[in-house]
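The chain contents come next:
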Amino acid sequence: MGRKVWSLREAVSRLPLNVRDSIFRQGIPTTDHERAEAIFGNFFLHLHPVKVHRNTLRVGYTLGLGLISLYLFVMLAGSGILLMFYYVPSTDLAYRSMKDLEYVVSFGKVLRNIHRWAAHAMVISVFFHMCRVFYTGAYKAPREFNWVIGLSLLLLTLFLSFTGYLLPWDQLAFWAITVGTSIASYIPWIGEKLRYLLLGGNVVGQSALLRFYVFHCVVLPLLMGLLIGVHFWRIRKDGGLSRPGGS
Amino acid sequence: MKESLGPPLEWSPEGGCSRRAFIRNMTVGWGSLALLAGISAAGLMRFLLPNVLYEPPMSFKAGLPEEYPEGVTPIPGRNVFIVREGKSFHAISSICTHLRCQVTHVRGGFQCPCHGSQFDVQGNVKKGAAPKPLDWYEVALAENGEIRVNMKRRVRPGSRAVLMT
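Top to bottom, those sequences are chains A and B. Quick note: to get my numbering, add 23 to the position in the first sequence (first position is 1). Quick note: to get my numbering, add 3 to the position in the second sequence (first position is 1).
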């Protein structure tokens with residue numbers, strides 16, 4: 024292509040078009056091939072397959088439980104980030120900042136309840152998703168490994184739930200984590216060491232609260248995001264969503 | 004450097020490396036990476052184990068023996084009961100041996116609110132999920148005449164210390 028010299032006026036008038044072309048490399052797609060390219064050339068759309076089997080679109084087969092779990096995770100991440108603006112992970116301030124969120128902060132009560140109910144719902148939806156995969160035989164070859172990743176995602180969901188439990192720092196939180204980490208200490212050989220590591224000491228105190236906070240807000244969500252990515256990628260590579268009559 | 008030993012090369016003699024060199028390089032390369040990962044993992048574990056704990060000390064003074072009434076007295080924040088029987092004393096843990104909840108003193112012994120374990124006055128399991136009797140800790144007189152409880156040292160259940168004359 025020859026380089027054209029534009030006048031300032033021309034350049035300004037073409038600016039919106041230039042910007043658009045720099046973002047969407049090809050124009051409005053007209054053929055099927057171009058439409059397909061538009062999908063997998065786009066970061067946000069490339070999760071979707073270019074073509075789907077008719078049966079994949081039948082809601083009654085998967086009940087959309089995996090996607091529901093994803094949406095709940097996104098809601099939890101969003102509301103969780105907002106809660107972090109007010110919550111302080113210290114034994115002196117944790118309970119008070121939780122109360123502040125409940126009674127003082129604008130929309131704090133809504134956010135906290137979104138976070139709480141979405142957390143309960145996510146445990147349930149992940150569990151039902153697993154049941155669905157099991158009862159439709161969707162764990163079978165070639166999807167065995169994705170089942171294993173799914174199991175890890177279930178465990179991460181439960182760990183996130185457990186670590187979030189301590190953060191309000193009320194009686195329920197304190198004794199639930201006392202009991203929970205004591206259950207972990209029944210593991211032969213490494214149990215006591217593991218409990219010490221989890222709590223950062225021998226009692227549920229400041230270091231335990233801080234550790235659970237870091238796990239809850241950083242470590243586990245990052246792992247979760249990573250594994251969700253792998254999980255979705257594997258769905259595509261293993262032949263798309265499982266479906267009746269498909270192979 | 005050209006290796007003269009070993010089987011003939013299977014592909015691309017020019018610019019490639021011999022099988023032996025390839026295996027050696029891979030071993031050294033991946034080996035050092037694995038070693039580094041191992042050291043980092045061990046270091047991370049060590050880093051996460053705290054060296055200083057800001058927890059209530061395991062050994063503490065608990066007041067003069069004369070101040071204790073006859074029978075069981077809970078010591079707030081210390082997870083221990085001090086029991087006085089005349090002139091002799093002993094200390095029983097208030098942490099349930101099942102899952103570390105706080106047991107409370109009730110008529111005829113101790114009881115755990117979490118999962119219903121019951122212990123007799125000696126700390127032996129009467130009922131419930133607890134697998135072991137409550138711990139007994141060493142009690143002695145400190146230099147200033149107060150009772151010292153040392154929770155780092157467990158003693159045989161039933162051993163009592165005479166702390167008054």
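A couple of the hints might just be wrong.
Claimed, not checked - If you want the ones that stay clear, here's a sample from chain B, every Cβ over 12 Å from chain A, calculated:
| hint | residue |
| --- | --- |
| 1 | S91 |
| 2 | R103 |
| 3 | K129 |
| 4 | K130 |
Stated by the list, open to error - Simulated pairs of lysine to aspartate or glutamate, DMTMM-like, Cα-Cα distance not exceeding 20 Å:
| hint | chain 1 | residue 1 | chain 2 | residue 2 |
| --- | --- | --- | --- | --- |
| 5 | B | K135 | A | E215 |
| 6 | B | K155 | A | D193 |
| 7 | B | K90 | B | E146 |
| 8 | B | K64 | B | E149 |
| 9 | A | K216 | B | E149 |
It is worth saying that the hints were derived from the structure and are not from the lab. Note that the Cβ used here is the ideal one computed from N, Cα and C, for glycine as well.
Structure versus earlier hints - violations, ascending order: Result: hints 2, 6 and 9 break, sorted rising.
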